[in-house]
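Trainee: Protein chains in written order, with UniProt numbering: chain U, 1 to 409; chain L, 1 to 409.
Simulated from the structure, these hints should not be mistaken for lab results. Fair warning: there could be bad hints in the mix.
Same chains, same names: a pair is fine if it fits in one copy or spans any two.
In silico DSS-like links for lysine-lysine, alpha-carbon gap of 30 Å or less [as the list claims (entries may be wrong)]:
#: 1; residue 1: K199; residue 2: K281
#: 2; residue 1: K281; residue 2: K239
#: 3; residue 1: K265; residue 2: K200
#: 4; residue 1: K265; residue 2: K23
Number of protein chains: 2
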Amino acid sequence: MALVNEHLMKLPDNYLFTDIAKKVNSFRVTHPKADIIHLGIGDVTRPIPEACAQAMKAAVDDLTRPETFHGYGPEQGYDFLIEAILRNDYAQRGISLSPSEIFISDGAKSDTGNIGDILRHDNSIGVTDPIYPAYIDSNVSCGRAGILGTNHQWSNVVYMPCIPENNFIPELPTQRVDIIYLCYPNNPTGSVLSKNELKKWVHYALANDTLILFDAAYEAYIRQPDIPHSIYEIKGAKKVAIEIRSFSKTAGFTGVRCGYTVIPKEVTAATLTGERISLNKLWSKRQNTKFNGASYIAQRGAAAIYTPEGKEQVKAMTDYYMDNARLMKRYLDGTGLKVSGGENAPYLWVKAPKGFTSWQFFEHLLYEAHVVSTPGVGFGPNGEGYIRLTAFGERKQCEEGMRRICQYL
Amino acid sequence: MALVNEHLMKLPDNYLFTDIAKKVNSFRVTHPKADIIHLGIGDVTRPIPEACAQAMKAAVDDLTRPETFHGYGPEQGYDFLIEAILRNDYAQRGISLSPSEIFISDGAKSDTGNIGDILRHDNSIGVTDPIYPAYIDSNVSCGRAGILGTNHQWSNVVYMPCIPENNFIPELPTQRVDIIYLCYPNNPTGSVLSKNELKKWVHYALANDTLILFDAAYEAYIRQPDIPHSIYEIKGAKKVAIEIRSFSKTAGFTGVRCGYTVIPKEVTAATLTGERISLNKLWSKRQNTKFNGASYIAQRGAAAIYTPEGKEQVKAMTDYYMDNARLMKRYLDGTGLKVSGGENAPYLWVKAPKGFTSWQFFEHLLYEAHVVSTPGVGFGPNGEGYIRLTAFGERKQCEEGMRRICQYL
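Work the whole structure out from these sequences, hints included.
Mentor: Following this line, the structure appears as structure tokens:
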């Protein structure tokens, strides 16, 4: 008889965004005429850059002619995209990487989930709290997270609180941790790490032989000069960090599906006998076994992001969202609510009025202002008492939503 | 210190198609002017159907307008594609499935690899020999395959020989096996299972509480009426089988990346205490955690396969390849070589002349006829003494290749 992976059964049946959808639906039943404004899910709304669209249509045309047809591509991705990435995302920031250190994929969620395949099931993991839930869930599903305690914490997970007392910047763990997830600019708090802050983490990792999984999906939203876009801007990071990037938020690719992961040749982890193994080589084996490359069309679209027109259009798009964030922040600041984020990230992290839990504030905003937010507690215990608002909406909607919230408050 | 998954290190460094590429490259160095004909890798060469191209270009256009923009899609896939699949691939064959039993993905290789995530690491597995290597490799990489013996067999894998004595149709295992991989029409032998043959496997699975992973990637090449296109044509299969499908070979989507997996609600596996768990629900959890849906563009392209024009164009394409197969078979039959497959599958399984190993025959074909084949031993020990030829080439190339082989022989 075939046996199931029982670890997967430990994952809760209720998924944050499904719960939100259910609550929105019940509201809709009783308020069929309400004009709901969605600032909850972190999904983009602006059209993809015209340069990407043109490139993808040309790529489709390539597939219609025998002489330009593309079948299976290289599992690691096409050179035309890898080279554009190396040149623009790294060389221009003084980071030297080789083509074989870049792995193109169908998106950051696949990579952050699947990267666990190359690591032992009993490594301890460290996460900031609050955090994007998929990091923990993917570890729960293979048993790496351990057992869920009555305190809602997993036994093999070290939680690093991001709270107002530390300006939502986590402190280094006091114990050794094998693998640490960092996401900067941060989802959900919208906070960022300065170069000096990030240095501390790289030094911790070097000193403790820790692997850092650095999620830089929101780097295109960084506006201040001192904020590193890549962890490899820190000396020594190539020895300890894997960086995961996505075109989803950079260029509106949430529906196109393309991202990439950087695994420098120097990053190693150990066998039980202490032998150091290149994670680049292991990930390459994993991908060769279980992945057949990202779509040729999506890769052509992604490469167009790096053309002069593409860069301009991406800048205009991320500027649009950041203008939303600024506008939203201005409104909310006026209400006396405590708001952080929104300066180098498309997320606002809003403290609920005194006495409100995340879900209570969520419901009030839904019923009184017809605005959908995301309850902060859905991102972890330290998210309790907060909501997350995204700046990915249409300008008028964002403004109208804020007006209603101000009115209600 | 982070520890690696040491099971991944058991995978051989040399990958079949990389080895082939190396041998071809050395040939090229010594024969720079040779016109090499590639009938090795199972990749398509014909343009994608015009209907799919039109649909994908329209999908790209959708992404350029705010009112038709598509961001994150449903993790399980869009209804427009799921419904087309249900209607055309299943209802028309008398198989009733519900939308939530279909999971759209970026391709069959991802699904056949990742499906192991929902199953315990110590289930025994059964494979035909020869076999598509990724089935075994994905099990090796999580420890499920056990230890590699001196006989080149993994300790937790039951091998079911496909040899001339059984007409390349495997016999039921004499022992219980937890999970069995079946791929029909078969890669690499090109053999098929009749309805009666497939029935035996479903009955075995029902009697032994075995899970069947049925890879039907080549079903579009079936030409005879008695050959089942889906395992669910067999009564009872919904209790024991997961079916994996791909648009890669159906519509030239190897570069587009789209496929799907069917997990009926009735398929269950057990916990250690004997509780039966729905694999549909577990896979849904796995995908929600580690996957963000297939590309909107690819899904629109795939849906176009099911339009009247799409169907006609797919038929023309698969007919083209099957005409290649027929032509190739006719040539090879004339040489006295023993050839099977090629009637309901785009692969020819060719016995090497007496005394030749797979690699020796491969090298002879390369150096004497300038034709690239795939050594059968790359698919497993029982592939020794065979080569695989694919019918996915351009017509003139296939014919010229056969002419050269005949001349050389």
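Trainee: For each hint, tell me whether it holds in the structure or not.
Mentor: Quick rundown of the hints versus the structure:
{"no.": "1", "hint": "K199 x K281", "in the structure": "within (26 Å within a copy, 42 Å between copies)"}
{"no.": "2", "hint": "K281 x K239", "in the structure": "within (14 Å within a copy, 39 Å between copies)"}
{"no.": "3", "hint": "K265 x K200", "in the structure": "within (22 Å within a copy, 49 Å between copies)"}
{"no.": "4", "hint": "K265 x K23", "in the structure": "between (47 Å within a copy, 27 Å between copies)"}
Hint compliance for this structure: every hint is met.
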